[in-house]
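Student: In case you want the letters, here they are:
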Amino acid sequence: MDEKQLVALARSGDFDAFARLIEANKQKMYGLVRRLAGNEQDAEDIMQESFLKAIDKIDQFRGEAAFGTWLSSIALNEARALYSKKRQSDLKPIEEYLPGSGSHGDDHQDSLRLFDWQYPHKMMESAELKSAVDEAIAELPYMYREAFLLRYIEELPVREVAELTNQSVASAKSRILRARLALRDRLSQVFEDRYGKKVS
Amino acid sequence: MAKKCPDYIQDLNDYLDGGMNPELCAEIESHIGECENCRIMIDSLRQTVTLCRDGSEEPLPEALDKRLSGLLRDRWKKKFGKQRGQDC
Ligand SMILES: [Zn+2]
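Going line by line, the protein sequences match chains Y and H. For the first sequence, the working numbering begins at 1 and goes up steadily by one. For the second sequence, the working numbering begins at 1001 and goes up steadily by one.
Wrong hints could be hidden among the right ones.
[As the list claims (entries may be wrong)] Here are the simulated EDC-like cross-link-like pairs (lysine to aspartate or glutamate), alpha carbons at most 20 Å apart as the crow flies:
| # | chain 1 | residue 1 | chain 2 | residue 2 |
| --- | --- | --- | --- | --- |
| 1 | Y | K122 | H | D1011 |
| 2 | Y | K26 | H | D1043 |
| 3 | Y | K92 | Y | E160 |
| 4 | Y | K28 | H | E1034 |
| 5 | H | K1077 | Y | E139 |
| 6 | Y | K28 | H | D1065 |
| 7 | H | K1003 | H | E1034 |
| 8 | Y | K173 | H | D1014 |
| 9 | H | K1066 | Y | E139 |
| 10 | Y | K28 | H | D1014 |
| 11 | Y | K173 | Y | D193 |
| 12 | Y | K92 | Y | E40 |
| 13 | Y | K53 | Y | D16 |
| 14 | H | K1077 | Y | E40 |
| 15 | Y | K28 | Y | E192 |
| 16 | Y | K53 | Y | D90 |
| 17 | H | K1078 | Y | D14 |
| 18 | Y | K92 | H | E1057 |
| 19 | Y | K85 | Y | E155 |
| 20 | H | K1066 | H | D1043 |
| 21 | Y | K28 | Y | E155 |
| 22 | H | K1066 | Y | E23 |
| 23 | Y | K26 | H | D1007 |
[To be verified] Listed next, the stretches of chain Y that the computed footprint assigns to chain H, with coverage defined by at least 3 CB atoms under 8 Å from CB atoms of chain H:
| # | region |
| --- | --- |
| 24 | 39 to 51 |
| 25 | 67 to 80 |
| 26 | 83 to 90 |
| 27 | 130 to 144 |
No lab work stands behind these hints: they were computed from the structure. Owing to the predicted nature of the structure, the values given are computational and were not obtained by experimental measurement. C-beta atoms are modelled at their ideal positions from N, C-alpha and C, and glycine is treated no differently.
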């Protein structure tokens, strides 16, 4: 039975059809939600609320998108609702991620060099590296984390990220870049600390 | 007037992810040939995404999975009443 048939059955009240749709999508959905949430407790709450909403709204789902995409958009709304209540700091402007560009564009500051990452895998164990990356993602303010994950983990085109986050394409683009720069910055600090210790 | 690093940074994602016009692309490439910071910036931005993709997907915790199944069944019953085919 294909997805369209399962959706039709679910909409008419067939629980088994609905359960099969959930079964096929729950792991992927948790992968996204867990990273969106930044911690396990929030991830559980978002999963739960999203699944319940999916039941409440199943009559409205006409199968224009894939069931998994529809579920993800419900989860995104739930996550956004949760995090819009929490105060989030903003990220610094794009230009300030370059050394020396924060001040007066003073040429003497050009002596400041960015730290060269080279090969993080050679310098850190993969478990340590993974937890540093997860932490850095979790530290991003929600709206940036969301844009970044949709673009690079879900691998959606910028236009779709904009649609899913109710942003203009230009604004989605800017969020994605700022998130990427902020993550780079954070990881750079971690690596600089870590490499420094190894070398000495 | 010659461009400086901050003039390029806005376009780095287009450069890294593709979809940039070839002229600007060539301009950036020539700039990173001379500018160590921008070379490092581009290399590390590329690695940032690779590292984020590397992290294996967290599996759905079994306890949560069980709890969700129960919850779904209850909510479904509330919405649709007793399931067809059941209890007959
Ligand atoms: Zn430069």
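Student: All hints are to be evaluated individually against the structure, with a verdict given for each.
Tutor: For each hint, the structure was consulted:
no., hint, result
1, K122(Y) with D1011(H), "violated (30 Å)"
2, K26(Y) with D1043(H), "violated (35 Å)"
3, K92(Y) with E160(Y), "violated (25 Å)"
4, K28(Y) with E1034(H), "violated (43 Å)"
5, K1077(H) with E139(Y), "violated (40 Å)"
6, K28(Y) with D1065(H), "holds (13 Å)"
7, K1003(H) with E1034(H), "holds (13 Å)"
8, K173(Y) with D1014(H), "holds (9 Å)"
9, K1066(H) with E139(Y), "violated (30 Å)"
10, K28(Y) with D1014(H), "violated (27 Å)"
11, K173(Y) with D193(Y), "violated (31 Å)"
12, K92(Y) with E40(Y), "violated (28 Å)"
13, K53(Y) with D16(Y), "holds (17 Å)"
14, K1077(H) with E40(Y), "violated (28 Å)"
15, K28(Y) with E192(Y), "violated (33 Å)"
16, K53(Y) with D90(Y), "violated (30 Å)"
17, K1078(H) with D14(Y), "holds (13 Å)"
18, K92(Y) with E1057(H), "violated (29 Å)"
19, K85(Y) with E155(Y), "violated (27 Å)"
20, K1066(H) with D1043(H), "violated (43 Å)"
21, K28(Y) with E155(Y), "holds (13 Å)"
22, K1066(H) with E23(Y), "holds (12 Å)"
23, K26(Y) with D1007(H), "violated (43 Å)"
24, 39 to 51, "holds (count 5)"
25, 67 to 80, "violated (count 0)"
26, 83 to 90, "violated (count 0)"
27, 130 to 144, "holds (count 4)"
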